[in-house]
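> Listed below are the residues making up each chain.
Number of protein chains: 2
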Amino acid sequence: MIIGGGFAGTHAAKALAKLPVDVTLVDRRNHFTFQPLLYQVGLAVLSPADIASPLRTMMRGSSNTEVLMDEAIAFDLAHRRVQFRSGAEMSYDYLMLATGATHSYFGNDAWEPLAPGLKTIEDAIEIRRRILLAFELAEREMLENGTHPPLNFVIIGGGPTGVELAGAITDITRRFMRHDFRHIDPASARVILIEGEKRVLSSYPEDLSISAERQLRALGVEVHTGLRVTGVEPGIVIAGDQRFPAAVTLWAAGVQASPLGKLLGVPTDKRGGVFVNNTLNPPGHPEIFVCGDLAHVEQNGRQIPGVAQPAMQMGDHVARMIEADLNHQPRKPFHYFDKGDMATIGRLAAVAKVEWPFKAHFSGFMAWISWLVVHIYFLIGFRNRLAVLSQWIWSYFTFTYGVRLIYGSQALPGWTDKDGVEIHPAEPTADEPPSKSAAAD
Amino acid sequence: MIIGGGFAGTHAAKALAKLPVDVTLVDRRNHFTFQPLLYQVGLAVLSPADIASPLRTMMRGSSNTEVLMDEAIAFDLAHRRVQFRSGAEMSYDYLMLATGATHSYFGNDAWEPLAPGLKTIEDAIEIRRRILLAFELAEREMLENGTHPPLNFVIIGGGPTGVELAGAITDITRRFMRHDFRHIDPASARVILIEGEKRVLSSYPEDLSISAERQLRALGVEVHTGLRVTGVEPGIVIAGDQRFPAAVTLWAAGVQASPLGKLLGVPTDKRGGVFVNNTLNPPGHPEIFVCGDLAHVEQNGRQIPGVAQPAMQMGDHVARMIEADLNHQPRKPFHYFDKGDMATIGRLAAVAKVEWPFKAHFSGFMAWISWLVVHIYFLIGFRNRLAVLSQWIWSYFTFTYGVRLIYGSQALPGWTDKDGVEIHPAEPTADEPPSKSAAAD
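Protein sequences appear in the order of chains B and H. Going by my numbering, the first sequence opens with residue 1, and the numbers climb by one from there. Going by my numbering, the second sequence opens with residue 1, and the numbers climb by one from there.
In isolation and in its complexed conformation, chain B is listed as follows:
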């Protein structure tokens, strides 16, 4: 039984399809999400379907695999049973847990609705709504009052996601939206990236951090490092003694492991990651594997990062260990083979740390091309690769992009006009008739 249909879970399921075992793949969503490109959905460059694949379709050819949409809520390790939210209870011989991570607001849960993070398709659609809406509302304010509140996009957290978001928002406001508005100047939007550590991309080598910051500044991003956010209020981000007015605030600062790790009742680290040994088992449970972002695995004294590459490798390795068990052979320890890491910053801008097939640090165009090739290659499904590639080529040459749809609410939390009145606080439902009292003829 595999719980979690992310990089680790789907790789394990695919590899187990070739073995004489029965596989059940459970996820509370019906689709795999290619998280590395999620920010492009948030920025309206790609459609959700371009980067998500139904798990059922992915497993169509694996006749020993069934896919189930459900959510584990309790484990009985002694009897090897899992209880699901639907009321179902199922037993397992092997359990693989790979439910990933979610945002951590470090105890400030009130910040979440004000500064959404980016982990799911729903998150991306909400971020898209807020970014697009900010421009629409600014245009309307400008037309009506001749002024609009600061069109600031504040991104909290300067890791890969924060850097990608900051770069891409700047790209879009500077290049793509130029010709679309009559009153506001989209290029006057400020993109502010706040990072608590001394440098952005603090998990990267220092030269790449410096290069990333330089590329961000060249694009027009305001980068603040060594500055800790102490408050997020409607329309305002407080960091140190500075108050940043914000039309849209995005959270890319902290992650915590899925709560399922704690539910197992085995030791976890402070972000909820499950301590596992070198065969990916929690202590005393060789029949349980914890993989991907949910696992705390150390190698050469460093924790393996929670990104796609190790997750895929862990998934594959679990299948190999189960094969070894079936053949009564010893399990081989997991060894993370690090091919490198990369973060994109904007059009033709990126940084890449290559570990294999040679060691190198790239910046700028070369890094950007590598990023593009790697991400297209690993995207699930031929159709999606084709769709994404053609969308990128189209956007690149025409400076237009197609997924700029706003649905849902028409308000941004706390964004107020010059009189301090929240802009468009009304929340029209889809077909609510206008209020009678306002009618005049």
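Watch out, some of these pointers could steer you wrong.
The list cannot tell twin chains apart, which means a pair is met if one copy fits it or any two copies do.
Subject to a maximum C-alpha distance of 25 Å in a straight line, what follows is the list of computed SDA-like cross-link-like pairs (lysine to any residue) [what the hints assert, rightly or not]:
| no. | residue 1 | residue 2 |
| --- | --- | --- |
| 1 | 14 | 144 |
| 2 | 18 | 180 |
| 3 | 262 | 84 |
| 4 | 359 | 306 |
| 5 | 339 | 228 |
| 6 | 14 | 66 |
| 7 | 14 | 180 |
| 8 | 359 | 298 |
These are computed hints drawn from the structure, not numbers from a lab.
For chain B, the structure is supplied; the task is to place chain H on it using the hints.
Positioned in the frame of chain B, the structure of chain H alone reads:
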């Protein structure tokens, strides 16, 4: 000022872009929706962005046009002013109102959440969620209990939308989903189409209605004509003395005009359509044009139907009349040039009534090909045409389709298991931690 960015509004704006006038195009959404293909979003064949275009991008090249996202809530016809929900008030020289139509539940508003209709992108996403979820939940019930409640899809209303939905759902369950489930047989799903009139497509010539019904039955749709729905309850549709259990109920039975027509304070018909003369003005207001679905226009003693073709023609005609005014020439009366009408039923199945360039009735393959060509041709934007065409070709040959994403709630109203318990009534939020009490280790 044009209020409403549908077929009529966007056509008028495009045509007015060539005249020495200032145009403001207002819509409460930021995008034009190509409604004729909305059902394909509901069926997860196309992505929302394939059939919707940002109004701002559509009007990018029209330097005399501004686009505003807002909602009219009151009119002061004497002073030629419009009040908007945002608080803005604007004056106009000419006003064009083309805000279309919405669902009518004939006074039974409680039916709406149980039987959503299909007018907006939001509607389509909700319908997609329900259809896909029904199969997922049935598979889970089957695995857990060895049985599942009837997988019935009940469509109320046998007009073009109802026929298209019924045909397409059947297509998908019979052909596309075959290989995706291990326990349920998707082809055992029943698709039930209920129409109050004597025949489906009652606005079409009788021979095409008969053909449509035959094609629907050949696909596997259960067609009930002359049967009026008297009740919609959670999980059940009541019609005559029959009770149809329903996993998903869809509404395609009635439309009413946008409430903005009534707000004008001019005479309207019983569905809220504004009576206009042959220059599309309500009585006594030559400066106001009402177009598209919101207008009640008669020609040769018959009301012009509320579909895309007349809406586009009305939009173009309004621009021509304003041009005539500017040149101090008399306005020409509007004449609807009917090229025909078509409804698709499924793969290779459709009916078409051609009026121009020759008169003919087509059924089956020929009608389907015409439908395809016409819909691709009228779709807004080259990118969308390419995306939709390649998606259709891909789906046609591979029997897969890519947009099968479920987000949001995991419940279907009133769909219960054999013990009468609602299936998965829990509503997990995206990252809600599982309840502590259920934890066991």
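> Next, verify each hint and record whether it holds.
These are the hints, each one checked on the structure:
For the homomeric pair residue 14 and residue 144, the shortest alpha-carbon distance between copies (24 Å) is at most 25 Å, but the shortest distance inside one copy (57 Å) is not. In this assembly of identical chains, residue 18 and residue 180 lie within 25 Å of each other by CA distance solely across copies; the values are 18 Å between and 52 Å within a copy. For the identical chains of this complex, residue 262 and residue 84 are intra-copy neighbours only, at 16 Å inside a copy versus 51 Å across copies, given an alpha-carbon limit of 25 Å. With identical chains, the CA atoms of residue 359 and residue 306 are at most 25 Å apart within one copy only, with a shortest distance of 21 Å there and 65 Å across copies.
With identical chains, the CA atoms of residue 339 and residue 228 are never at most 25 Å apart, being 32 Å at best within one copy and 65 Å at best between copies. Taking identical chains as interchangeable, the C-alpha atoms of residue 14 and residue 66 lie at most 25 Å apart only when both belong to the same chain, with a minimum of 12 Å there against 52 Å between chains. When the C-alpha separation of residue 14 and residue 180 is checked against a cutoff of 25 Å, the pair qualifies only between copies, where the shortest distance is 15 Å, while the shortest distance within a copy is 45 Å. Proximity of residue 359 to residue 298 under the C-alpha cut-off of 25 Å is restricted to the intra-copy arrangement: shortest distance 22 Å within a copy versus 75 Å between copies.
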